[in-house]
Every structure is written in C-alpha cells, then in structure tokens.
Amino acid sequence: MIEINIQKKLNIYSGEQVLDFTGQLPLNTITKISGPSGAGKTTLLKIIAGLITPENGRVIVEGTTWLDTEKKINLSPQKRLTGFVFQDHALFPNMTVLQHLQYATNDKQWINHLLSIAEMTAFASNKPSHLSGGQQQRLAVIRALAVRPKLILMDEPFSALDTKTKARFTSALSSLFSNMRMTALIVSHNPQELDAFAGEEISIGE
Amino acid sequence: MDVSPVWLSIKLATVTTLLLLLVGLPLAWWLSKRRTLFRMLAEVLITMPLVLPPSVLGFYLLLAFSPQHGLGKWLHDVFDVQLVFSFPGLVLASVIYSLPFMAGPVRSALQQLPPSQAQASYTMGKSEWQTFRYVLLPNIKPALLTATILTFAHTLGEFGVVLMIGGNIPGVTRVASVAVYDAVEQMDYSLAANYSLLLFGITFLLLMSVFIYNRAQAKTPLE
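Read top to bottom, the protein sequences are chains W and P. The opening position of the first sequence corresponds to residue 105 in our numbering, with each subsequent residue numbered one higher. The opening position of the second sequence corresponds to residue 108 in our numbering, with each subsequent residue numbered one higher.
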C-alpha cells in the first residue's frame, strides 16, 4: 500500500493554490490519475519520487517512510529509485537510445527486451535529436523501466503516440507490469488512452 | 626580440585555465543551483573582477600577499612561499581575475538545461557527481569551450593585476602585456609593435575559433 497525505502550495498562473491529497493506493496494480490542468498531478508524482518536497505531509510505501515532514524524514530520489517518465521526456541529448539504457543498467538481455517492447531496436544508435516525438516518448518510458523500479510514475506517457503504436505499446507494458508485479501511477489528460490498463482511477483537483 | 614574455604569458594563461577548469566548473555547478542569499553574495564577489579596475584588485591582492602581514606573512613564515613578485603569485591573481570568465558562461549554460534532465538521472539512482559528469557537462560543451577560450585569452591580455602583483622581472613575471608597456616607456616602438602584433594575432585566432565553433552550433559566441 502507498499511503499519501500531503499539502503543497502550487504557484500557477491564476494565483496560488494548494495541492491537498490524501489517499491509499494499492500495490502491484495500475492507478490512473486524472484532473484539470494546474491541479497538481505532476507535482504529486514528483513529491512521491522525492523531486519536490511539500510543506507538510507523509509518503509511506510498503511500510517504509519515504517522507515525513514532521519527523524530518525525506529519502533522496536515488534511494526511492522510482521509475519516472517526464512529461517533457527529459532525454539526454548527448546519449544514444542504447546509451540511455546502459546508463541505467548493465543487463544486456533486459535492454534488448525493452528495445523490443518499444519497437526501438533499429534506432538504438540514434540520439534523441534523430528520433520522432513518439520514439522519444517510448524511449523515456523504457529508460524509466530500465532500473527495474518497483514503482513507476508516468506523466502523460502516451500523448505523442499514434493510435496503433499506442495500442501495441500499452498492451506490451500492461503485460510487463503484471509479470513484474510493478506498481504504476499514470497521469493522463485522456483517460481513454489508458483503457489497455486495468486499475483504479482517481481524480485530483475536482 | 626576446620572446620569453610571450612564452611566459602563454604559460600563465595555460596554468590559469587548467586551474580554473578544476575550480571553476564545480563552482559554476554550485552557483547554478537554487538561488540563496549566500549564493547570490558569492556570485557578486566572483563577478567583481569584471567591473573592478584591475589596479584596485591588484592593490588588494598586493596587500593580501605581502610577506609583511596577514595571509602573505603566514604563507611566508609557514611554507616559505612568497606570492608577491613571483610566478605562483601571478597564477593566483590570474585565477581570481579570470574566474568570472570561466564560471559565468558555464553557470548560465547549466541553468538553461531543463531541470528534468538532472532529475531523470537522480531517479535512476545516479549521484549528483555522476549526473554532472555524464549528463550535464556533456550537454554544455559549446559553453564550456567558450569559457575555456575566453579565460585563456583574458589571462593572456591581463595587465593591471599582473603589473601590481608581479612587477616587471624578466623571465619571472614579465609577461607580454607588461613587455609592451615597458617597450613604450623606453620609446622602443618597434619592439612594442612586435609584441602587440603577436598578442593581437594569438587573441584573434582564439576568438575566431570560438566564433567558428559556435556558428556550427547555431549559437552566438557569448551565449
């Protein structure tokens, strides 16, 4: 179980708003998160990953406290080791597709498997500037998976994919998550694109 | 023409640039992080040599390095090191004087990288040092080259600070810019012209190489 209880001030263009989220998210399943722009979906994922610290709150994962502002506990992102798919992909311009994965893991079989899932084997030696938007997005997803995280946090991970590629990719990911008993939190503006994933759906900021 | 002042200038610029690559890069990285009052104060102090008259900086360094009191006396008494009128003193003064030319462009380039790149590396379990070495530094190569060449060229052209700290000792502290000044003082305009032409040529070629490289990168050289 992931127990979350956080309050974080958000500075958005329409003024100041508070992200106040309390919830218990099940492990080894997929949870889909939706909500309007500026509601704090990305901020919530970054708080769980340890990239942003809220003013108040706790994050407890499988009984381990990752964050407790009262007890001044705040594990670093390196110790939480969540897989994170950034909305802007956050790819490294100096690295090829293969180097992105090798930066995360030395397991060649796992790398080959990820390349195959993302249909990127033929582009392994390409740098991000020589990939399409959809290929960049798939690379961002498999890079996050390369560290074999127990928890993967995905921020709009399929927005740049065409319908057919999206169907194949989400189906492959769904099997992978299930086989690896992985917990996934997926933020999307378009809940229909997550139909391939069975799981709870929560909404924030509404 | 005695070319030793030109070689001494090149030696001073090389040593200073190498030291600033060691010192300036971590400093620029530290400065590029979230702005605090302490960081802002440090940035102001590092930037000061850009606007402060070199003679003022040279005067303060002369006082600080003086073997009669303070830091200079301590260095002299404990390590038998004299910084005033010596090559090591010139190097230390040049490092301080040229620091903004290394730290400024690198800090600016690091701040322009999307924060998510470093964050992605952290979530992959990589340390801050690994992230700096393998993700951030390779992605600011043009700024790094610009900073390195500007630092070298700026040190090559130093005059006020080196004259204050080093004086004009042939073979020890008499760099090319000081040799030009000395030649003019002695009304030897032909010698001054030769030294000047050499400095002009070297500096022109260095800056030209930065412009050519950055043009290939579709950026203006001072970006």
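Simulated from the structure, these hints should not be mistaken for laboratory data. Among the hints, erroneous ones may be present.
[Stated by the list, open to error] Below, a list of computed lysine-lysine pairs in the DSBU-like style, where the Cα atoms sit at most 35 Å apart:
1) P:K140 with W:K175
2) W:K231 with P:K140
3) P:K140 with W:K183
[Unchecked claim] Chain W side only, calculated, beta carbon under 8 Å to chain P, not exhaustive:
4) P181
5) L185
6) F188
7) D192
8) A194
9) A208
10) F227
11) V251
Treat the numbers as computed from the prediction; the structure is a model and nothing was measured. Using N, Cα and C, we set each Cβ at its ideal position, and we do this for glycine too.
Tested hints:
| no. | hint | verdict |
| --- | --- | --- |
| 1 | P:K140 with W:K175 | 26 Å, holds |
| 2 | W:K231 with P:K140 | 27 Å, holds |
| 3 | P:K140 with W:K183 | 21 Å, holds |
| 4 | P181 | 4 Å, holds |
| 5 | L185 | 5 Å, holds |
| 6 | F188 | 4 Å, holds |
| 7 | D192 | 6 Å, holds |
| 8 | A194 | 4 Å, holds |
| 9 | A208 | 5 Å, holds |
| 10 | F227 | 19 Å, violated |
| 11 | V251 | 5 Å, holds |
In this structure, only the earlier hint numbered 10 is contradicted, and the remaining ones agree with it.
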